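Fit chain R to the given chain P structure using the hints.
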Amino acid sequence: MFLINCPYCGERDQSEFSAGGEAHIVRPKQPTELSDDQWAEFLFMRKNIKGVQLERWNHAHGCRKWFNMVRDTSNDKIHAVYKMGEKPPLK
Amino acid sequence: MLNFNTPIIDTKEYSEIKISEIEPILKINLRGKSRDFVTKIGKELSIITPVDPNTSSSNEKFNLLWLSPDEWFLYSNDKIGIKDANFLENKLFNEISKVKLGSVTNVSDHWIMINLRGAKIFELLSAGCPFNFNNFKNSKGAVTQTLINHIDVIIHNKNVNDLNLFVRRSFSAHLWSWMNDSARFI
Chain P
-1 MFLINCPYCG
9 ERDQSEFSAG
19 GEAHIVRPKQ
29 PTELSDDQWA
39 EFLFMRKNIK
49 GVQLERWNHA
59 HGCRKWFNMV
69 RDTSNDKIHA
79 VYKMGEKPPL
89 K
Chain R
7 MLNFNTPIID
17 TKEYSEIKIS
27 EIEPILKINL
37 RGKSRDFVTK
47 IGKELSIITP
57 VDPNTSSSNE
67 KFNLLWLSPD
77 EWFLYSNDKI
87 GIKDANFLEN
97 KLFNEISKVK
107 LGSVTNVSDH
117 WIMINLRGAK
127 IFELLSAGCP
137 FNFNNFKNSK
147 GAVTQTLINH
157 IDVIIHNKNV
167 NDLNLFVRRS
177 FSAHLWSWMN
187 DSARFI
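From first to last, the protein sequence lines stand for chains P and R.
Residue numbers for the first sequence follow the numbering used here, beginning at -1 and rising by one.
Residue numbers for the second sequence follow the numbering used here, beginning at 7 and rising by one.
Keep in mind that the hints were calculated from the coordinates and are not lab data.
You can trust all of the hints, since none of them are fake.
Residues from chain P shown here face chain R by an in silico Cβ test under 10 angstroms; the list is partial:
no., residue
1, 4
2, 8
3, 13
Once the Cα atoms are required to be at most 25 angstroms apart in a straight line, the calculated PhoX-like pairs of lysine-lysine come out as:
no., chain 1, residue 1, chain 2, residue 2
4, P, 63, P, 75
5, R, 85, R, 164
6, R, 46, P, 63
7, R, 24, R, 146
8, R, 89, R, 104
9, R, 89, R, 67
10, R, 104, R, 39
11, R, 39, P, 85
12, P, 63, R, 106
13, R, 146, R, 126
14, P, 81, R, 39
15, R, 97, R, 46
16, P, 63, R, 39
17, R, 164, R, 126
It should be emphasised that the depicted structure is a prediction, and the values quoted were computed from it without experimental measurement.
Glycine residues also receive a C-beta, built at the ideal position from the N, C-alpha and C atoms.
Same shape as in the complex, but just chain P (with noise of 0.2 angstroms):
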């Protein structure tokens, strides 16, 4: 169990949200052009490391919006948290 600072409503239990997984991947702007393999590529292939990752949450239990949030998933330790739409903070 963890905390984590909603930028929207503030520090609560890692209980109230639902983890999006990776975050920034670029949704390829004409899928209809791709093999099924590339198409597979995106859909479901993930860097799964063990370190810092980008990562997309959900406070659903709360505000019920996405956001981002810069965490190490070897000790859950969390960097950094920021909105959608705004860029990764610089490491």
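Same frame as chain P, but now just chain R:
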């Protein structure tokens, strides 16, 4: 169409805790992003629209709760008849939804309002809630959306040791049972 059905209709008292369902209460969900929308709500309801997170504003008739940057929850202070509820809903619908400023949804039958009073209400809630009530209980008008016993709720701190809690109708009987069961051990 409103029918103000309620699954509870009850009041229970324990040591320094009183739990009662208050219905029928008008509840309207308001969603919009523009500044005009925020201004319009304030004008139509004669109330200041709360734009700070986890806050609310009130007047003689209504309470307006901040739910998210583009969502508010309006509920009446007192019990209200269907005629008055429909009048206000139509008024807001014509002034906001029809002109595409935002959306107005009557959620009176979607949420159940439970009033909690007494010195030990925060102990009761903390028994099944991950939210830290330390600052909340001293802030009159504070609002939070959280989980109680894994059930989504909206909590409005009306006054000292006086809360209004909103729970979805389908979960209300379960939450009611849980609160009554927990209150016996506090």
